[in-house]
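A.B. asks: As a plain string of letters, each chain reads:
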Amino acid sequence: MAYLECRNLRRNYDAFNLELNLDMQKGELLSIIGPSGSGKSTLLSLISGIESVDSGSIILDGVDITDMAIQKRSIGMVFQDFSLFPSMNVAQNIQYGMKTRDQGAKDKRTAELLSLVGLSGYESRKVFELSGGEAQRIALARAVAAEPQMLLLDEPLSALDAPLRKKLRTVIRHIHDNTGITMLYVTHDREEAFAISDRILVMRGGHMEAIGTPEDLYNNPPTLFAATFTGEGSVLEQYSKTLFFRPESIILDNVESYDASQYLKLCGCEVQSVEYAGNGYGVKLDYKGTIITAFTAKRPAQKAVDLMVKWDDIRQFD
Amino acid sequence: MKRRGDDFYLKQALLALVITTIVFFLPIGAVFLRAFSDGRAFVSTFTDRYTWKILGFTLWESTLSAAISVLLALPFAVFFSRYTFAGRKAILTMSDAAFALPSILAILGFVIYYGNNGLVNAALKAISGGRWTVKILYSFKAILLAHVYLNFPVAFSLITTSLSSMPDKEEQASRLLGASEIKTFFKVTLPKVWGMVLATFTLIFLFCFPSFLIVMTLGGNPRYFTIEAEIYKRTYTDVNPAASAALAIFSFLVMTLLLVITGYGREEKKVSRSRRVLKKTKGNSKIKAIVLSTLIFLFMAPPLLSILYRAFFTKDNEFTLKAWKSIVTKSRNGVSTSLNSILNSLFVAGTSAFLAMRMASSIAIGAVRRKSRFIPLLTSLPMAVGSVSLGLGFAFISARIPSRSIVLAYTMVLLAHIVCILPFAVRTIMPGAKRIPQRLGQAAKTMGKEDRDIYRKIEYPLLKAYRRRAFAFAFALSLGEVNATLALSEGKVTTLPILIYKMIDQYNYQGASALAVILLTIAIVVFAIGETKGDENGIS
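Chains as they are written, first to last, in this note's numbering: chain P, 1 to 318; chain B, 319 to 858.
Isolated chain B, as found in the complex:
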């Protein structure tokens, strides 16, 4: 069949794709060049048993983290998708917000809450007269716990949403035929959600595979290094860029393979319009609701609340505003390091999220209108590269540029952030683009309108809610980004999480907490903006 008038959409997407390709393939090309510049390092990386050992550990920690997160989330999700009760929405919103939670906050929260001198141990010591303590941090279980902490809400939220959108007629039929609740779950419900559970597992696995910051700070031992952590170590501790570049390529190949395997055969199912009616809790189910909600709250809230506590109280529980005062204290150049990092974060996150959102809109609509599977695949390629590796690539490029200007440093950071967040922005907008009926465009064309006009006046405004969500998500991701910024900017561009990371490194937990409260506040505000209702004119 002949196609008419789709060229506009191709051009729209093409511009964004060209930019993505350049900012993605340039750093990757730089990494490749560096790796091949030293053939020996390249060969030895691929043949070294140590490389395979790190790969083994990385696969193991991601599998375990994803499996625990999903298995823990499943019973909670089943209950939350069946009943309605006071506080249900708040818990679900809190879980949604965890998508945007910067990992540095989890790390800081863990250090303050679970640390050897943390609040848990302080409480245990107080109860037992100093006899009881738990050692969680700086171990494999700390890495797992942090991964589960960040990803349990993701699994819980995704599976609950998926389950809630499925009509429960089959379950009702099963119960009417005399099957028990457990039999119904295993024979009817689980087969229905199995695809979703697997997709959630895969997503979390892919989040945990390039884990860097958590491994570096909470693992506390090179035995627990992931590939990304090892790349960082080789670059900045061993000062062996060729070896780190070779490992980055190794990581890229493994991640691409994983993406291909996990992406193979995945099909989007159409969600039924008839939703299930949630039951009101009473009796036993009411008690279950209270217990489950409390468990989630007790798991999620304390590390974050302990950050808030530490921002205002010393280790000896004395109230102080010292950390806050230092944020507003002027340094010699007029702005404190903290304030400077806040402004940097807002600028970098705001700019990169805006650009990523604009590019993602063009890419998503272009891909849908052209019915292209290649375009989304190309834009998800950056997911196959850990952000440390990307940062490394940009660092190689900037090393080749003679200028040492601060503008160049900011540009590189912005580009690195855009590459990292674009796949997520595209994925956020894509469902919206798919939901715009093609009929609207056809109707407009029968009124004599061209594609450009249809895109500008009809399709783009319809994506408003999705664009806002994509902007918020991209902003949050950029706001919490540490890996690429750390690997790239060599201290020139200090963002909020970078400064928090440095303060944690210097055991300045109070200063880190004050900044973390600011970071958390910004993240919450942005999340709230992303979730704002009131887009009744658009599709949502």
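Next up, chain P with everything else stripped away, as it sits in the complex:
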């Protein structure tokens, strides 16, 4: 049985309806990605109890929590804006939700958690003295300190700059692996989702578009939307089908002999732009008015090139 079950979850708004079924296993880290307004944060609000559902049920570890008050659900949450309590210092923030009354145990646990998020010795710091990255780590430690059964993270890194985001996503995975806590993680950054998740849920217009492991979603996206949303690629209408392939699947070198039945060959592509990316070249090509994105090890030698893609690497959609 799943640890978290969202059954026929429904929430209607004037301009948007959320309808969803979702299962999560204990200890899993599931990320939700999707365009703005696809219902990612709404789903978290419903699970946490900040908003109430119109119909359907939410079961956590066998207990129906659908109509339970927020504070009874044992679901922690980390917000984008940190939401640290300004009238308390770091230690007081972390200890606020702790279940034990023993101050010694509280202090010990605080030190452990601070070490876990890489901020040992920060106990007496005031929260407004912290940088964005530090504040979010404290928010993480605080959420974990309350020993929730599950942790929801609502775009926790989107207020931070790119290098810090990269660093902190590792911290989040580290916390997950150390505590074994079940995490539901909303992000608009697919790279972030790929980096830390066990599974990824792609949402669109309040519905589940696709769900799977990062590798699955990248290599075998079930829909064209999931394909384009989970990474770069080119969409080509051919043989009354929609073909989709990733940039790295494209071969631009002239291959002397090959099995034609195994490859799609597009002749007479015109190179539009070449961008050097350190580990290769991002190439934009025009094939009869369709823009094709390729990634190659070598810079194309000519303006007009032929390209090949292995049929095995092409996804076909009706």
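The set of hints was computed from the structure by calculation and includes no laboratory data.
A quick note: this is a predicted structure, and the numbers were derived from the prediction, not measured.
Just to be clear, a hint being listed does not mean it is correct.
[To be verified] Simulated restraints, written as ranges between beta carbons of each label pair:
#	chain 1	residue 1	chain 2	residue 2	range
1	P	Val63	B	Arg770	21 to 31 Å
2	P	Arg10	B	Asp325	23 to 33 Å
3	B	Phe615	P	Ala111	53 to 63 Å
4	P	Lys108	B	Arg753	53 to 63 Å
5	P	Lys126	B	Asp325	41 to 51 Å
6	B	Ser698	P	Thr223	49 to 59 Å
7	B	Ser698	P	Ala111	42 to 52 Å
8	P	Val63	B	Leu726	55 to 65 Å
9	B	Asp325	P	Pro163	31 to 41 Å
Think of the CB as a built atom: it goes at the ideal place given N, C-alpha and C, for glycine as much as any other residue.
Add chain B to chain P, keeping to what the hints say.
C.D. replies: For chain B alone, coordinates are given in the frame of chain P:
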């Protein structure tokens, strides 16, 4: 959408609201009962041409006072919100402090400074060999001048703060497009601040409408009586409580109507986080800064400084400590009347401000969390009643209670003060309550905490700065309160401003000045406490 767990906030606010309702509606009910006990007086009040004439004058004096205050303040505010210079902060702080300036001090200052035998006239006589004198007091212009004196700083401070918080990108764009400074002001700046200017005008209008003490002491003529002054006169001079109660109801209806009209459509605008960068003065602007600062100082400081002077010098300019000695001279019961009034003032202001602040915190957070527009409206109702009318209501109640105990007199004074100051305390705390992000509560709830705990440990401490400001403001208002206390206590509870008022009435200006210096000192100390920084843990 279902609501969860907001009941705590409703209960919190409800308790405070019930108390407010009781202490507000009881006296108002008493006034109504008294008014309807004599149907003839009630009808004649509403049909009497004299009533409408007083209303006309009251509306006229408040409109004029508010308009002059705002128009005078506008150019000063525009300059002060554009430039930074030495002394700017001091002038702004002085203006903020004027919010808490008891009107009795303005009255005394005016009498000593602008009076027929005051310092201005003494100086003019000295210069002209006795030929030049100005007659300001006991006229309509004295009322206007005093109202402007008390409210110009209010307008100046509010408009400056509002302007300073607005980014001036539009103005810069206008200037870059070649518009002149004047065109930019009228086409870009004024439309932006128009709402604020109108709100300031309304606020001052509502302050001046129930004006009582200034009218009574500086008007010097029943021709210049406002509705509140007439209510007092009918109660204590004509001894016609039914007629005064009828007029109080009339006043209540007019004020409620005004509050509804002026409150209609008023929306709070979100203040942009990006503030304007103030320019440093140089050349012409430096001269302007000096001139404008001097003008403000010359307008505001002399009446107050003349109180200080008169507290130590006789009319013949001889140094004396007589007035100060009489304050500490023991009377038969062990404490001098002056000392007794000081202690009374501290007790009444301290207690009522503390209770008002506690109630206001619950009401403000309750109103914000429940997203209620009714709660703030209910708590601002006392503003629709002049404090003389309120005092009258409490006087009617205490007349029905057989006990003549001093405890009852103090209780009534305290209740009257709480009703008068609560709307201001709520208004002071409300912006703070609105600034507490709802997310904090949600975050705490996800850690298993109940509303009570969230209120006690997170929200209430965050309001520390606002509570302190509300306490200081409420304390200052209670400290300067004369109208309700005078109308209610029948001499049993003599507070500092009441004693000053009596001394002015007896032409004992020196005694009044010494007490006024004490009153001013207390007001300044309380104001300083209210403005203290160092609440880095809270929101401010």
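A.B. asks: Going through the earlier hints one by one, which of them does the structure break, listed in rising order?
C.D. replies: Numbers 4, 5 and 9 - these are the hints that the structure violates, sorted from lowest upward.
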